[in-house]
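**Q** What follows is each chain in one-letter form.
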Amino acid sequence: MPKYAYFPGCVGQDSCKELDMSTKLIAHRLGLELDELEEATCCGAGFVQDVDYDLATVLNARTFALAEAKGLDVLTVCSTCQYNLAKANHELKKSPERLAMANKHLAEVGLKYNGTVKVKHLLQVLVDEIGLETLRKHVRVDISALNIGAFYGCQILRPTDILQWENSDNPQSFERLIAALGGKPVLYEGRKKCCGFPITFVNEKASMTMNFKNMEEAQERGADVIATSCPLCHINLDMYQRKADKVGGRRLDLPILHLPQLVGLAMGISPKELGLKRHLISTDSVVEAVKAKAAPVAAS
Amino acid sequence: MTKLRVFRYDPEKNGGKSWYQTWDLDIAKGKTVLDILHEVHYFHDPTLSFRRSCNSAICGSCGMRLNKQARLACNTQALDLAEEYGEVLVEPLGNLRPLKDLVVDMGPFWQSVLDVRPFLIHQGKEPEGLYPVTKAQMDLTRIARDCIFCGACLSDCTSREANPAFLGPAALAKAYKFVGDPRDDATEGRLAVYSEPNGIWDCDTCLYCNEVCPMGVKPMDAILMMREMALEHGLVRAQGARHALAFYDTVMKSGKVNEAMTAMKSLGRRFVTDAGTVGITLRTVLKGKAPNPFKRPIRGIQDIRKLQASLEQSRRRSRA
Numbered sequence: 028m029p030k031y032a033y034f035p036g037c038v039g040q041d042s043c044k045e046l047d048m049s050t051k052l053i054a055h056r057l058g059l060e061l062d063e064l065e066e067a068t069c070c071g072a073g074f075v076q077d078v079d080y081d082l083a084t085v086l087n088a089r090t091f092a093l094a095e096a097k098g099l100d101v102l103t104v105c106s107t108c109q110y111n112l113a114k115a116n117h118e119l120k121k122s123p124e125r126l127a128m129a130n131k132h133l134a135e136v137g138l139k140y141n142g143t144v145k146v147k148h149l150l151q152v153l154v155d156e157i158g159l160e161t162l163r164k165h166v167r168v169d170i171s172a173l174n175i176g177a178f179y180g181c182q183i184l185r186p187t188d189i190l191q192w193e194n195s196d197n198p199q200s201f202e203r204l205i206a207a208l209g210g211k212p213v214l215y216e217g218r219k220k221c222c223g224f225p226i227t228f229v230n231e232k233a234s235m236t237m238n239f240k241n242m243e244e245a246q247e248r249g250a251d252v253i254a255t256s257c258p259l260c261h262i263n264l265d266m267y268q269r270k271a272d273k274v275g276g277r278r279l280d281l282p283i284l285h286l287p288q289l290v291g292l293a294m295g296i297s298p299k300e301l302g303l304k305r306h307l308i309s310t311d312s313v314v315e316a317v318k319a320k321a322a323p324v325a326a327s
Numbered sequence: 005m006t007k008l009r010v011f012r013y014d015p016e017k018n019g020g021k022s023w024y025q026t027w028d029l030d031i032a033k034g035k036t037v038l039d040i041l042h043e044v045h046y047f048h049d050p051t052l053s054f055r056r057s058c059n060s061a062i063c064g065s066c067g068m069r070l071n072k073q074a075r076l077a078c079n080t081q082a083l084d085l086a087e088e089y090g091e092v093l094v095e096p097l098g099n100l101r102p103l104k105d106l107v108v109d110m111g112p113f114w115q116s117v118l119d120v121r122p123f124l125i126h127q128g129k130e131p132e133g134l135y136p137v138t139k140a141q142m143d144l145t146r147i148a149r150d151c152i153f154c155g156a157c158l159s160d161c162t163s164r165e166a167n168p169a170f171l172g173p174a175a176l177a178k179a180y181k182f183v184g185d186p187r188d189d190a191t192e193g194r195l196a197v198y199s200e201p202n203g204i205w206d207c208d209t210c211l212y213c214n215e216v217c218p219m220g221v222k223p224m225d226a227i228l229m230m231r232e233m234a235l236e237h238g239l240v241r242a243q244g245a246r247h248a249l250a251f252y253d254t255v256m257k258s259g260k261v262n263e264a265m266t267a268m269k270s271l272g273r274r275f276v277t278d279a280g281t282v283g284i285t286l287r288t289v290l291k292g293k294a295p296n297p298f299k300r301p302i303r304g305i306q307d308i309r310k311l312q313a314s315l316e317q318s319r320r321r322s323r324a
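These protein sequence lines map, in sequence, to chains A and B.
So the first sequence is numbered by the numbering used here: it starts at 28 and just counts up by one.
So the second sequence is numbered by the numbering used here: it starts at 5 and just counts up by one.
Since the hints were derived computationally from the structure, they do not count as laboratory data.
Beta carbons: idealized from backbone N, C-alpha and C, even for Gly.
Accuracy of the hints is not assured; some may be wrong.
Quick list of the computed label-pair ranges, beta carbon to beta carbon [to be verified]:
no., chain 1, residue 1, chain 2, residue 2, range
1, B, ASN18, A, ASP311, 52 to 58 Å
2, A, THR187, B, GLU200, 30 to 36 Å
3, B, GLN141, A, LYS273, 45 to 51 Å
4, B, LEU134, A, PRO29, 56 to 62 Å
EDC-like mimics (lysine to aspartate or glutamate), calculated; alpha carbons at most 16 Å apart, straight line [stated by the list, open to error]:
no., chain 1, residue 1, chain 2, residue 2
5, B, LYS299, A, GLU65
6, A, LYS131, B, ASP307
7, B, LYS291, A, ASP311
8, B, LYS310, A, GLU135
9, B, LYS291, A, GLU300
10, A, LYS97, A, GLU135
11, B, LYS257, A, GLU66
12, A, LYS232, B, ASP278
13, B, LYS310, A, GLU66
14, A, LYS131, B, ASP188
15, A, LYS139, B, GLU316
16, B, LYS310, A, ASP81
17, A, LYS273, B, ASP278
The following block holds chain A by itself, in its conformation from the complex:
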């Protein structure tokens, strides 16, 4: 049974609690054991790094030391956590000086990082480790009525030299996962681009422009729902969708799901348990479309 040190991230347990809820539900069904890192700090999200890069490195080294002591690799559910943790880890593993710097401070709190931990995103674990075949076996509900646009979030794709996973200009894991769940993946260029979230408070107009443009393209290509692997993208695409609509000049009404919510829906977990009612953009159309095909798929 695969077991990970679970790094839920800050937003995943605050405004996007439904991400944490749905992650735990699907993990339970898939036999993916999550040992939650309750003492872990924020990954820094780039902002702690803006203020004090070395401190962010030390805090992330602390997280790795906590996971290492459990003998586990780290599992993230957020593209931003994925990049910031992977980048810190990459530096600590590559540079003995950086590792020594971090360990010098960690010694003050009785910790040490030896550089043995790997950091993986849930999407990566579902596709590469649990495997699409296993996922297919867990599908209980026909979601073939859904045309689903994947939205990766920049920091799960780039930079490839640090993340060492997907082909950043032609990513396919999310689409393969959607197909394995029985949904119809919709391809669009914006799925690799920025949702705008990091600059929402800095240049709201630019942020909303990106937001609207990417979602409009997805809708024009036929998507009637988006699934994202990043809660920060979810904040911008869901919570701020009405603001983006104003910049774009029309209402998109495009429901945005978190990756594990989509997986859970196909597994037959109830929309309520998955927290679909918590979103600001109604997910009723998604639930209705799935219900309309109500004949459950025979368990294989």
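Following the hints, complete the assembly by docking chain B onto the known chain A.
**A** Below, chain B alone, put in the same frame as chain A:
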């Protein structure tokens, strides 16, 4: 046979509208996209326009979008693209206006570079003889030094796409070269200018620039280094600086970000005066989705304070 699809545009043809032209070509292994474009130009259509010069990935002329990503035509294998995408798709650089076919107006690109004052600003007396700079000092700007001004980063910059006034990655990487150069005396003034709207705080950290640069330059890393330097110089009034500091403060307080407090501190009065923001806040409250402003600190928060203090102590020692 391999399908080559090329963006065509001629203001004097097709009513000034662009179109795509396709050729089925027998592409030999080892041929670059530039080789193929030359072949089309010589044997199929002499009107096809594109920029190129050195054919050695050093002049930066042949930057273009190949299968939707900015690359140099001269160091990209045509068959690799065909294998990945089923065709070779050639388009002009993004975020710049096409003049004809694959040739774009590089004017706005160069203007952004000029806007960062890309030259050494020296004050006071010139040193006699050579200006000594250590290797360690120059290594700090290594991530910005190898730029060949091909425009790939600007082409795929998502922030520039949404906001043409954003200085963009190439210009800001160039800026960093001078900020980090010990011979330059205008560091603080530069950081103040770069902190203004459309500068370092407008980068959305999408990482496209780092990813597409054919020379391994890391413009985004350079931008983030300048953010930290700007804050060290006390340049804390830019909206991006306020936001980063608000975020940092809440992480130091509870170990995790306090979304509610970060928004309030970062937006200041706008949090209560901007109708759209108030609307979002109310709707999140109704949905039970509002972040908790009274966040309980994580277990081990004392350790975070100790780590911060330990780092501060090291810094004080190294300064002394």
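**Q** So, for every hint listed, does it hold in this structure?
**A** Hints, verified against the model:
1. B/ASN18 to A/ASP311: 52 to 58 Å: Distance hint for B/ASN18, A/ASP311 is violated at roughly 46 Å.
2. A/THR187 to B/GLU200: 30 to 36 Å: Once the Cβ atoms are compared, 33 Å apart, the range 30 to 36 Å for B/GLU200 and A/THR187 holds.
3. B/GLN141 to A/LYS273: 45 to 51 Å: Holds - the Cβ-Cβ distance for B/GLN141 and A/LYS273, about 48 Å, lies within 45 to 51 Å.
4. B/LEU134 to A/PRO29: 56 to 62 Å: Since the Cβ atoms of B/LEU134 and A/PRO29 sit about 60 Å apart, the hinted range of 56 to 62 Å holds.
5. B/LYS299 to A/GLU65: 14 Å, holds
6. A/LYS131 to B/ASP307: Since the Cα atoms of A/LYS131 and B/ASP307 sit roughly 14 Å apart, the hinted pair holds (cutoff 16 Å).
7. B/LYS291 to A/ASP311: Measuring from Cα to Cα gives roughly 14 Å; hence the hint holds.
8. B/LYS310 to A/GLU135: Distance of about 7 Å is within 16 Å: holds.
9. B/LYS291 to A/GLU300: Distance of about 15 Å is within 16 Å: holds.
10. A/LYS97 to A/GLU135: 20 Å, violated
11. B/LYS257 to A/GLU66: 14 Å, holds
12. A/LYS232 to B/ASP278: 13 Å, holds
13. B/LYS310 to A/GLU66: 15 Å, holds
14. A/LYS131 to B/ASP188: Answer violated: A/LYS131 to B/ASP188 is near 34 Å, above 16 Å.
15. A/LYS139 to B/GLU316: Between A/LYS139 and B/GLU316 the Cα gap is close to 19 Å, so the pair fails against 16 Å, i.e. violated.
16. B/LYS310 to A/ASP81: It holds: about 14 Å lies between the C-alpha atoms, which stays within 16 Å.
17. A/LYS273 to B/ASP278: Judged against 16 Å, a Cα distance of about 14 Å means the pair holds.
Hint violations for this structure: numbers 1, 10, 14 and 15, all remaining hints satisfied.
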